[in-house]
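Following the hints, put chains B, C and D in place on chain A, whose structure we already have.
4 protein chains.
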Amino acid sequence: MNKKVAIVGASGYSGEELVRLLLHHPRAELTAVTSRQNAGRTIAEVFPKFAHHPRAGMLRFSEPDARLLARQAEVVFLALPHGVAAEYAVPLLQLGCPVIDLSADFRLKSAALYKEFYAHEHPAPELLGQSVYGLPEIYRARIRNASLIASPGCYPTSILLPAIPLLRDGLVRPTGIIASSLSGISGAGRKAELDYLFVECNESARPYGIPKHRHLSEIEQELSLAAATPVTIQFTPHLIPLNRGILTTLYLAPVEHFQDRAGHLPASPEDQATTMEALTGKIAACYRSAYGNEPFVRLLDPDTSRLPDTKNVAGTNVIEIAWRLDPRTGRLIVLSAEDNLVKGASGQAVQCFNLLCGFPETAGLVP
Amino acid sequence: MNKKVAIVGASGYSGEELVRLLLHHPRAELTAVTSRQNAGRTIAEVFPKFAHHPRAGMLRFSEPDARLLARQAEVVFLALPHGVAAEYAVPLLQLGCPVIDLSADFRLKSAALYKEFYAHEHPAPELLGQSVYGLPEIYRARIRNASLIASPGCYPTSILLPAIPLLRDGLVRPTGIIASSLSGISGAGRKAELDYLFVECNESARPYGIPKHRHLSEIEQELSLAAATPVTIQFTPHLIPLNRGILTTLYLAPVEHFQDRAGHLPASPEDQATTMEALTGKIAACYRSAYGNEPFVRLLDPDTSRLPDTKNVAGTNVIEIAWRLDPRTGRLIVLSAEDNLVKGASGQAVQCFNLLCGFPETAGLVP
Amino acid sequence: MNKKVAIVGASGYSGEELVRLLLHHPRAELTAVTSRQNAGRTIAEVFPKFAHHPRAGMLRFSEPDARLLARQAEVVFLALPHGVAAEYAVPLLQLGCPVIDLSADFRLKSAALYKEFYAHEHPAPELLGQSVYGLPEIYRARIRNASLIASPGCYPTSILLPAIPLLRDGLVRPTGIIASSLSGISGAGRKAELDYLFVECNESARPYGIPKHRHLSEIEQELSLAAATPVTIQFTPHLIPLNRGILTTLYLAPVEHFQDRAGHLPASPEDQATTMEALTGKIAACYRSAYGNEPFVRLLDPDTSRLPDTKNVAGTNVIEIAWRLDPRTGRLIVLSAEDNLVKGASGQAVQCFNLLCGFPETAGLVP
Amino acid sequence: MNKKVAIVGASGYSGEELVRLLLHHPRAELTAVTSRQNAGRTIAEVFPKFAHHPRAGMLRFSEPDARLLARQAEVVFLALPHGVAAEYAVPLLQLGCPVIDLSADFRLKSAALYKEFYAHEHPAPELLGQSVYGLPEIYRARIRNASLIASPGCYPTSILLPAIPLLRDGLVRPTGIIASSLSGISGAGRKAELDYLFVECNESARPYGIPKHRHLSEIEQELSLAAATPVTIQFTPHLIPLNRGILTTLYLAPVEHFQDRAGHLPASPEDQATTMEALTGKIAACYRSAYGNEPFVRLLDPDTSRLPDTKNVAGTNVIEIAWRLDPRTGRLIVLSAEDNLVKGASGQAVQCFNLLCGFPETAGLVP
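Residue numbers (my numbering), protein chains in the order written: chain A, 3 to 369; chain B, 3 to 369; chain C, 3 to 369; chain D, 3 to 369.
Chain A extracted, bound-state conformation (with noise of 0.2 Å):
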């Protein structure tokens, strides 16, 4: 059996990729798009690189109306900005229908936290405790069995899957993590403003949101929940020339054997190369146990010299996932690539929404 869907908030760069994948998802009917602004367009008209689909020239945009949504999808995907989200997930989730929400306004646990990252009330705190955050490689079980699930951001994506074995195999310090993330210009969304103009950010590396971005609510909410203690990290964005992709690279210190508490390696040659081999076995160990067969997770031999490029990943739900040890400092460097807007937002969904319906976790997101 398919499920008909519907997306609100159309018409940003994630409900596109949204509208892009249910369209050509097998299992999905795609029944309704909604968006103020593009009300009455069809999406042939929204978005010109679909017009090709069969449905592109029939569906409409619609103004968003919880009641009919309701009526109109089995599923419903809320592509809005944060604090918006919640007026629709709460009616949606009282009329039965469960909801699939990328904004930050389910993903945390707790509403002060809320308040401190995203500077207003919560919305609906009281749905807090019944959201699932939507990371299906750690919360597989419970994705299947939600009502609510609450997508992870983009820049979450790229850190809390290379981070989060390591710190649940207790192989890393939970302290003094630090992430450094460059994305594409997607990753701003579509907004009509000066910054985001070719010109201004063609041949632009800048760093930005320095140093409490957003995203450090929900990364240290989870880094602390795999490492079973209160994590607090260091997050530096950078906004690149790309389209698509995030690349981000984790600085972690290995706990035990591989350094002394100076930080030092230890001293001989022969005790170095033992404890590296050592720790090397035990990190390969666990991201292979983790991921090893997870279908949208590509960990790189490190027997190669291959790397995360987003070249490798765009268009795709896959994250790529590298590491090396350093001998000379004794740090980990681990790093990602993904699609900002695919496993970084609405692939995910989809590979959400898959697990929720009980269809294969692929369907329509082809590796």
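Since the hints were made in silico from the structure, they are not lab data.
Fair warning: this is a prediction, and the values are worked out from it, not measured in the lab.
Pairs involving identical chains hold if they fit within one copy or between any two copies, as the list cannot separate such chains.
DMTMM-like mimics (lysine to aspartate or glutamate), calculated; alpha carbons at most 25 Å apart, straight line: (1) Lys214 / Asp273; (2) Lys214 / Glu279; (3) Lys5 / Glu76; (4) Lys193 / Glu205; (5) Lys214 / Asp305; (6) Lys111 / Glu128; (7) Lys193 / Glu47; (8) Lys214 / Asp328; (9) Lys214 / Asp303; (10) Lys214 / Glu272; (11) Lys214 / Glu47; (12) Lys117 / Asp328; (13) Lys117 / Glu128; (14) Lys117 / Glu272; (15) Lys111 / Glu89.
Frame of chain A, contents of chains B, C and D only:
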């Protein structure tokens, strides 16, 4: 009095940029350019973009010949690969001709370190004691009297200028330093290799040279001198789709007051605000004292939201530096942006040339 | 029944795109890929972006060997340089294996014309009568029964599809046709040459191959067949900084009614409006009749302001076509956009493959 | 004696480029910059890339006020939208202050033509007779004595400079001219519109403004003057993902000798070679005579394979021109490349300023 200058190995991107700067330099007369592959062709033919300069149609590339160069020029720039530069530096110096070398051959004080990082014996170890590291903001006086100037690498410049004052003043710990750098593709040189084709670089962000990039040798040498103690850092370079530009993000730990030994901030908000304020004042004073009068260092006012951006330094010899204290982690984040071919290579070499010749330091490098 | 297929010369951009399409094709089984330079390596190693496909880690590149290929595959795709393709086509056809050739070797009907444009004797002139030009919208019936399909060039596709219906219906003059085309850099192939480095292509727009580009030979052959009279056109290709895409602007002169012999419009506004309206109706009807039911031709409605854009066809087998009558000049401007690697090369080859095998024409080419 | 200058409307890309050029101009002193939206902010704040210039931190944007400007400056540049520029030009001229206007307001000689193309009444038709079209290579003498200079549009410059000498000398027919132009995104101005976002422009090539772009009015006016007969041309602009640059391809028909009336070449190869040679000589002589001594026109030698490339003129006031006779079609192809913000706008305005003030024509525009 103007100076006659020559460029040996002027076919790569650094060589091309030297040609641009020296053709327009008010005090330099470019009398010779050499290149094996382009011998016999004019500058206008090899670099069409300079064809409009009066001298570009007359000056022809020649085969490199140290004796001839020493007669043609009063100062010789070497824009050659490491290992090859020394072949010309030795005879030129013997003939009494000052040399500004853009390769790595004379940047390190230790021939053993050179061998460790460049994988061959140093070709002229007797010159290592004589060479001056060409970072004018740090070694201005010595550069004025040098006969052999080793112009720094592009990544090192972007790391050393922000880090040295803090280490010299003892404001940050010499341990645990991390530098994450993003470089435009011209940093890879003008090489006919598949990895640097447009299609392979556009829409691509990728790390490389991890964990032991060659530039670490000169970075750590200079940081160690500044800190008066051996410094080992973590350095991760990335290639991003820019023609020009390096953006570096530095992660540093303030030494005192700000954190307790476990890296925690003072418990009370009042104490924290006090220590933040004190440290903020010290850092600001440190940078102001180091660079307040530097013609090519642009300190971004921490009271504004401005952060470094490669597009704001492209084509200029300026390096932008900004910093942020993170009260959540106790860390100091320092950011820099430069044009890798100008302040990161040829512009800095011309700045050294100006010092060497007693010209105004900004001659030919209009800020 | 699925078909076993092989790709000879799968290391270039067209070959890579064939690998992508055939790996995911629901009716094709990719059993062999050959490449001298990559022999022994898996698809996953050579093309990391496909590494997640189940077969990518198992299928290894081999040395090309016609006998072996004829046993391994039921249809063989040749993605080789011109001149080389014939070496494999001849023995494969002798062994009874149908060939889809993406090179220029079998596109021309005349060996003399081939020699004029490709500067060497045709390697297998006896096959020229047998080959079918692989433009499905024009030669669908013949492609279904072909043994040797010559897949068209990227520029020719972008010119022929918009021009042929107008010439066939006698709506435009066969003289004075001008085609100005803009191509992404992948059109130059995966060649380690300085001209195609990122730094040389980024921020560069440049013509090349003027005035006699090789593709003129097949363009004029096919336009002449459509017009039933010899056609000579002006063709000016340009390289622009895209990965993928060709945008072509065609300048055509309507045959009748619209202009007098001197190219002037009717004097009175009423007469002009009448002739414009009549001509508009004929052109619209011509295109509707030619392409109204074509799965991969997207006719942009002349009543909207939409014009072709390469970003709206990237990654798809769709060609967008729009047209405007200019009342000021009496000329008809026709514009097309395609992905040079898909509809301009590998996608179109797969479309031919589908026809040849009796599969749905859109199989593996989701619009 | 230096000249005091002001820029009205200095917030867009042309205004920013004027700021760059005038800050570094050896004979100009920038005394005022105005902008409604940026009033009160310094140049360093609005344009961080100029922050290193000594005056950038002191000069503040003000509200535009003609009386005040006439006191502050001896020459005023207007970088305003059409329709608005006239509001300032009128009082400034009345106050005796020469004006260099970068808008379209004073480029046309006919107020009716202005209304046809700009869709509103001309705001100051009495000034149309007084203004001089600011193309120095064509109107040098008049510019020297002008009080109101109408700086040409970016597309017109790229078309007029290659076409005018050929029309003036009667070498090409004034009918059937086609100009196909490719423009970087800065040509669209600094506007916060979705169409010009990075993600919408990157990987996009698209025509627009077809078939009646506003620039046609000034292009045809000037071509008609050169040909001494009314000229109507076909002009198709395209947007491509460059920051800066216009590449124009012109299709022209030689007038005599080369073709018979039907557009055919002489039948015998000998005759053809003779007529080609004769025509080649005439075209070369025409361009040499027109531009052989021009400081900003780079004629590419037809004996080499060099063709114009936007990257070779970026940041300079140079226009590159090359041409090819096509013996197959009898057509003359002329190609030009310029920086749309420099020779296509602000650089050319400064070139006019130099003429107006009796400065060396290249002052502040180092070739």
